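Chains A and B supply the protein sequences, listed in that same order. To convert, note that position 99 of the first sequence is 715 in this note's numbering; the numbers rise steadily by one, no gaps. To convert, note that position 165 of the second sequence is 204 in this note's numbering; the numbers rise steadily by one, no gaps.
Hints are computed from structural coordinates only; laboratory data are not their basis. What you were told as hints is all true, and nothing was included just to trick you.
Pairwise CB distance ranges (calculated): (1) R676/A <-> P228/B: 26 to 32 Å; (2) A154/B <-> G687/A: 52 to 58 Å; (3) S700/A <-> L251/B: 54 to 60 Å; (4) L220/B <-> N858/A: 47 to 53 Å; (5) S770/A <-> Y137/B: 34 to 40 Å; (6) L671/A <-> L289/B: 48 to 54 Å; (7) H639/A <-> V140/B: 29 to 35 Å.
Taking lysine-lysine pairs in the DSS-like style, the calculated list, with each CA pair at most 25 Å apart, reads: (8) K833/A <-> K861/A; (9) K199/B <-> K722/A; (10) K764/A <-> K41/B; (11) K764/A <-> K45/B.
Please read these numbers as outputs of a predicted model, since none were measured by experiment. Where a beta carbon is used, it is the ideal one built from N, C-alpha and C, also for glycine.
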Amino acid sequence: MGDMLTVKDLRVTFLDNNKEALHGISFTMQEGERLGLVGESGSGKTVTAMAITGLIERSRVTVTGDVVFEGMDLHRCSRSQLRSIQGPGMGVVFQEPMNSLNPLIKVGYQVEETLRIHTKKTPEERRKLAIDALDRVGLPNPDEIYSKYPHQLSGGQRQRAMIAAAMVIHPKLLICDEPTTALDVSVQAKILKLLKELSDEYKVGILLISHDLLVVKQLCENVAVMYKGNIVEQGKTLDIFNAPKDEYTRQLMAAIPKRRRHE
Amino acid sequence: MKQYLKNKNFRAGLLITGIMILAILIGLVWTPYDPNAMSGSEKLQGPSGAHLFGTDNFGRDIFSRVIQGAGATFLIAAAAVAIGLIVGLIVGGLTGFYGGVLDEVLMRIADSILAFPSILLALVMIAILGKGKYNIIIALGILFVPSFARIVRTEVAKQKNTDYVRNARLMGASNMRILFLHIMPNIIPVLLSSVAIGFNNAVLSEASMSYLGVGVQPPDPSLGRLLSEAQGYLFQAPWYAIFTGVAIILLILGFGLLADGMGGE
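So here's chain B without its partners, still in its complex pose (with noise of 0.2 Å):
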């Protein structure tokens, strides 16, 4: 930790993560208004006092709103990362340890899954799961877990083969205590920065699949939704774009800048 905080780039990725994060957090129990509460006299009014990123063609607080949306598309991103990683951390421990017949099986999976375009992958499964908030966490997890168990698959296969496996080993450790007390914290630092970029990306997916209506539903806010409503009001009311897409990039920006300062050391 101390050694990342000497880089530039990730000083300035704990800070725009930590607002965004606090921002969040506020909105889970706070916000200026109801976001989903409408009023027939406030219809798009620009910022103001009031009305800090201006109100929508309902009449509703944009700001309420993104946060509630920065929220809701965080929660998702952070679920299918999860499930991911997870999953990810086991089918690569698993096959780079034992290697072998499960190895070319679950690995020649994970390489047709990673053949295809995730958004296409992914809007397929929504055909099949429905659309909703949990099924697009469901789909996304399983688009995470091939890439996430390829690195952890090499990394393990790299420590296997070390001195103080071999040495624990030979002391009686178990396989599964070799792999998991072991092998396991050795291999975290290099999956930290792919959790940040895998994290962008669901980001960047949960707002596709969002603005393609598929994701969360109204009237729930999302990031993407929110940029989706705000496409048929580009030049009546440009704020409700800009401050969601500002939203969508902070995010975004914050994440890749983590990743870049742990990564580039």
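Extracted from the complex, chain A is given alone in its bound form (with noise of 0.2 Å):
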């Protein structure tokens, strides 16, 4: 298997305070493989995810480096490009369920909404689809829910509908920004297994932004910790759980809880 996701010296600044967000940094990601990408709040996580789902606001913002997905170069591609590719190759699940559903649109219709734009499937095939999307995240009764409204739905269940929208058309890449933070823990934890499940059937990768490491240590083989616009160290997840080498690391273990550690 090949690089699926190569980022190489990536470097944001904003253009409003000339700050510079993100000071360079290089991953590469196989396909199917799983990285988690830890850190405080304004380490630069979401702003990486941003920057290589390409949402990041050209306008606000001056990128420079590589960001290579299945070949392409992401930042110096046209629009249209930047659409064919993303929209067929990666998915995103945001922190918010309540925030990242339409609140307006049914949930069948976003779920299908990627097979609308990118295939050329009839109604019936598209619904279809959508229906086995919802129920291989294991919402009960996909019919009732395809033609619901998302504030029918309970939080869980949104954040599944969400993953089913973005996993209807398999995606190559699952970009998860805190997925599971905005949930009570028992459905955390539900939730991380079945994103388990879902990368290990379809072989999708999952970049997963979290500034929990013992949610990383449950969904990835591999970890990135970030730390003021650097990635400070990287590698197999229980290599850095049982050694961690640089201090940073160390002190991010030191706060869990001791109670949690051994989950």
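If you follow the hints, you should be able to join the two separate chains into one complex; please do so.
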């Protein structure tokens, strides 16, 4: 398996205050790899994700460095190329399941949206795939959920619907920006388990962004620790857990409450 | 809609507006008398069984004229609001979505339009375009663009940074698809009450302009024209002005209550 995503010397500078948020970070992801990006608030985790997805507003930041996804350099291709590679190639799950679904559009329609944009499937085929996806993420009665509005679902259900929407087209990479932070602990564990299953089943790479080392440990085999816009340490999750080399990583580990350390 | 129906003001507004629209619709196909038919023997009669609202100085049936006049006023107001709303949606949508230079230029133009009293500007436009029903619609429509554009712009700018819009973008939706399919439905609730308020302004503006004689031309009735005709007979035939005024009030009150019911949840 080759490299799916290569990030090389990625720098992001905000134009309004001329501050550099990322000081040249580099990492690669193999197909089907699960990588955790941990760090405190403001360490640049989300900016990294936004730069990879191209969701970053090009008028407000300057981005230098390479982001190569499936052989395409995302910062040197046109917007329409970007759309045609990203839509089917990447999915994203945001932190707040309340805000990540459009409140006025039915769940089913939103799950189908990528299919509608990137494939020429008929409405019946789309409906079937969407219901399959809703079923696959463990939502009960997917037929009913299909024609419900987001506000009729619970937080956990919404996050599952969100994952279904991202997975319906079987992307290569799923970017999860704090996917479980807004959920309570029991739902959190189920969502992480689901992500793991989906990743194994469909060979989807997952880039998990989290401030919580334990969440990363549950899901990812590799981890990169970010601090103030740099990656200070990266490697196998278990290695880093057992023998953290960087001082900041050690502090981060020490910040985990003792009772949870052996989860 | 259901949540609105719980609001007393909204229900009252719905009732009044419903009655007015029903009367206007009936007036389109049937009125008790021909609104423009004169009758020399029935000048300035008070309200009676034969003439519900009495007759005017030419012996025309005021009830028929009020119904038809309300219809004309309603249509002009609705058309003006429609023009303002459609152009406002486009301008506000684009400026809010793209920002930048386009935003600055269009919004400064909007500011300068808003800086003038609207009646004055409408009169200027009528002076350029000429009198008449259709020119009134165009003039008022243009006047309404800035206020709608502003509301739409603010809302679009707010929605632009939500996660579901980001998500749609990542899914590969084009800008236009995001703007019109994902964002626009979310600003409709906010727009509804401003549409109702805009409609009221349009009714009042039409009434004032027709009262000043630059709007609907004789012999066709409109509420503003009826009021200006009634003015001359205020003491001989007070019912003329009263019934016309009541029609204007009901039209505005109905939409005002609707707007209030939708806005103040």
